[in-house]
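**Q** Let the hints inform the model, and build the full structure from the sequences given.
In numbering that gives the first Met the number 0, the protein residues as written are 0 to 261.
In short, the hints are calculated from the structure, not lab data.
Remember, it's a predicted structure, so these values are computed and weren't measured experimentally.
Check each hint, because a few of them may be wrong.
As the list claims (entries may be wrong) - In silico DSSO-like pairs for lysine-lysine, Cα to Cα no more than 27 Å straight-line:
hint: 1; residue 1: 163; residue 2: 177
hint: 2; residue 1: 84; residue 2: 145
hint: 3; residue 1: 84; residue 2: 95
hint: 4; residue 1: 145; residue 2: 218
hint: 5; residue 1: 137; residue 2: 84
hint: 6; residue 1: 137; residue 2: 177
hint: 7; residue 1: 184; residue 2: 84
hint: 8; residue 1: 225; residue 2: 177
hint: 9; residue 1: 225; residue 2: 88
hint: 10; residue 1: 127; residue 2: 145
hint: 11; residue 1: 184; residue 2: 137
hint: 12; residue 1: 184; residue 2: 218
hint: 13; residue 1: 218; residue 2: 166
hint: 14; residue 1: 137; residue 2: 88
hint: 15; residue 1: 218; residue 2: 177
hint: 16; residue 1: 184; residue 2: 145
hint: 17; residue 1: 95; residue 2: 62
hint: 18; residue 1: 163; residue 2: 95
hint: 19; residue 1: 145; residue 2: 88
hint: 20; residue 1: 127; residue 2: 177
hint: 21; residue 1: 177; residue 2: 145
hint: 22; residue 1: 184; residue 2: 166
hint: 23; residue 1: 166; residue 2: 225
hint: 24; residue 1: 88; residue 2: 184
hint: 25; residue 1: 145; residue 2: 225
hint: 26; residue 1: 127; residue 2: 137
hint: 27; residue 1: 225; residue 2: 184
hint: 28; residue 1: 84; residue 2: 127
hint: 29; residue 1: 184; residue 2: 127
What the hints assert, rightly or not - What follows is a set of in silico ranges between Cβ atoms, one per label pair, in the way DEER data are often shown:
hint: 30; residue 1: 180; residue 2: 84; range: 24 to 32 Å
hint: 31; residue 1: 104; residue 2: 67; range: 21 to 29 Å
hint: 32; residue 1: 97; residue 2: 132; range: 53 to 61 Å
hint: 33; residue 1: 62; residue 2: 213; range: 36 to 44 Å
Just so you know, even glycine gets a beta-carbon here, dropped at the ideal spot from N, CA and C.
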Amino acid sequence: MLHLLHAISVQYCQCKPIPTEQNGSFLYSSNGTLSPLINSGRGLSTASSLSLRSSSVTVDSQKTSNGNSVVVAVYSPPTYFNQLKVETKTIHVIVKDPNNFSFSTMDIPIQIHKLPIVLVHGIWESSKDTWIDTNFSKTLEDNSFKVYFADYTSHYAETFDPYKIPKIGNHGIDSINKTISTILKTYHSQSIADSQVDIVGHSMGGLMARGYIQQLYYKNENNYMKGYIHRLITIGTHTMVHHYHQFYTISVMMSIALILMI
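**A** Here you go:
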C-alpha cells in the first residue's frame, strides 16, 4: 500500500493523504512550484522560480520505518497570487505515473489563501488612528487581504525593553503574540494550514515586532522553526537590518504597494 501525500507550503494551503496501490515514480504538475521533499537526484522541478505560473516534478517513492512507501511533493504558491484581488484560489495538482499507463491520473484540488496581515501601531497612537482613519486597512481589505490589529494602547510607553517582563517580553510584544495566536487558531479550526503572518509596523510598532522576533518562543515546532513572521514591513521605524529578517522603512503608500507586489 502506497500512501500518496501532497505536502504544500503550510502558510497557504490544505493537505490530506491520498491512498493508492501504486509504487515507483510519480509526476506532479501544477500552477505554482513543486519540488521533492527528499531529493533522490532525479526529483527535480522544471520550475526554478516561484514566479513561474506552472511546474512539474518527478518524485520517487520512499520507504518508511514500518515498511510502507510514501511519495511526497512540496507545493509553493506562485508569487503573483498576492497581486490578485481574491482571498483564495483553487489550484489543481495533477499526479500520474509516467511508467505505468494503467495508473489513473489524479487531479488533486488545493485551496490556497493569502497570508493574514497584522498591523501594529506606534507609541501614543491606536489602531484606529494609524490604520482605520487613514484607510490603510481598508485599502488592504479592498485587495482581498484579511487584516488584524495588534493593539497595546492600554500600556503605551510602559516599557520598550523586549525582555522586561518574563515570558512575554513586554505588553506590545505580547499583543502581537496573542493576535497571531488567535489568527492561527481560527485558521486551523477552518482546516487552513497557516503557520505565519505578514506584519506592518508603524514607528514603535516596528520595534515591537522586532522584539517579538527576539523572544525564545518565536521559533518552535508549530512554525517548523521558521518563526511566525513571513514578511515584516516597517514604516518610520528607526532600526538597522537584523539578521533574522529584512526590514523596510518606507512611506505608507509604498508599503501598501509592496504588500500587493510580493
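**Q** Please name the hints from earlier in the document that this structure breaks, with their numbers sorted from lowest to highest.
**A** Hints 3, 18 contradicted; others consistent.
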